[in-house]
Amino acid sequence: MGPWTLLLLHLPLVVSMLPAPTNVSIVSFNLEHTLTWLPGPETPDNTHFTVQSLRKNSWQLVKGCARLKTRQSCDLTNTFKDPFYHYKARVQAITTTQKSNWSLSMLFYPLTDTLLGPPVVSVSGCGNCLLLQVTPPTSRGLQRSLSPTQLYYRQFTCKVRRTRDGSQFSMWVTSTEKTVIGYLEPGAEYCVTVTPSTSFNPHSVPSEPHCAFTSPTAANTVPVVLSVLCAFSLLVVLLCGIVVYSGRLLCMHKPLPKTLSLLHECGRGLFILGHTWPRCFPCS
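Numbered per mature numbering (1 follows the signal peptide of the UniProt record, and there is no 0), the sequence shown spans residues -16 to -1, 1 to 268.
Some hints could be false.
Stated by the list, open to error - Straight-line C-alpha distance at most 25 Å; calculated BS3-like pairs for lysine-lysine:
1. K53 <-> K83
2. K53 <-> K40
3. K72 <-> K47
4. K47 <-> K83
5. K83 <-> K65
6. K47 <-> K65
7. K143 <-> K162
8. K40 <-> K72
9. K83 <-> K72
Think of the hints as simulated: they come from the structure by calculation, not from any bench.
Using the sequences and the accompanying hints, generate a full structural model.
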C-alpha cells in the first residue's frame, strides 16, 4: 500500500474532526472556580461541550458539565475543593457525529491563583480617631471545612487618606475586631481603603473607600452666651419702657381731687365771663 493510499484513508477522519475549543482558562474569585473557553473557528451551531478534570492521574467527567452550549461555562467550585492541591481541566467539542481534540487548561493552584475579593468595611468617628471594623466576605468557596478564610483574611493593609488635602498613611491590621486608628485631626473627614494581604497570594482587590468624620471639636460657646445676654438685656429695657409708658397713661386718666376739680371749674367760668377776680368763689 503506497503513501498516497494511506493519506486518502486518513483524509475523511481529518475532515470529520471538529475545531478544538480555544482560550481555555480557569477564572477564580474567592475560591469560586469557573472554566471558560471559546469555540474553535467555524464550530457548528449545534455543537456541545464536555468538561473533565484530572483527579489522581485520571480524567473524570465534571458533574453538570457534560453537554454545555456555546457561551456557557463550567462551575468547578465543588470539584476543586482542596485549596492546597493542584488541578487541571480540559474541554472537548462534540456533536452527534463528530468530536474535537481536547483543549487543556493551565495547571491551577487554588491557594495562590484565586483572586481575593475585598472585605466588608465599616468606619465611624470617635473624637480624634476612627473605629475600623473589617469582616471577611462571604462566598461558597470560603465556606469550606478547611476554613480558608483564616488563611486569606487574617491580615489587611489599610490606607487612610484625609479628604481635605489628600495626605495619607498606611497601617497593618491583623484582626477582624474593632481597630482604633488614632492621632487624627478632630472634625476632619478621612477615607479608609482595606486590602487583604497574604505572603502566598499576591492577587487581591481593595475595598471601596469608606469615609467618615472624626468627632467635631467642642464648639466655642462664648459668642452664644454673649448673644443671649444682649438679647435678654434688650428685652428687660423694652419691658421697663412699656411699664413706664403705661404708668403715664394711667396718671393722665386718673380723676382729680375735689378741690382741684372746683378750681378747674371756676377757672373755666371766669375765663368764659372775661372778668378778672381777686379770688374764686364757689360756683352755683
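We went through each hint and held it up to the structure:
For the given pair, K53 sits about 14 Å from K83 by alpha-carbon distance, which is consistent with the 25 Å threshold. Restraint check: the Cα-Cα separation between K53 and K40 comes to about 28 Å, which exceeds 25 Å; the hinted pair is violated. For the suggested pair K72 and K47, the alpha carbons sit about 15 Å apart, so the restraint of at most 25 Å is met. Straight-line distance between C-alpha atoms of K47 and K83 comes to about 20 Å, which keeps the hinted pair within the 25 Å bound.
Restraint check for K83 and K65: not satisfied, since their Cα atoms lie roughly 30 Å apart, outside the 25 Å limit. For a cut-off of 25 Å, the pair hint linking K47 to K65 stands: about 14 Å separates their Cα positions. A distance of roughly 16 Å separates the Cα atoms of K143 and K162; the hinted pair therefore holds under the 25 Å criterion. Only pairs whose Cα atoms come within 25 Å are accepted, and K40 paired with K72 is accepted, the gap being roughly 11 Å.
Among the hinted pairs, K83 with K72 is consistent with the structure: their alpha-carbon atoms are about 21 Å apart, no more than 25 Å.
Going through the hint list in order, the structure does not satisfy hints 2, 5.
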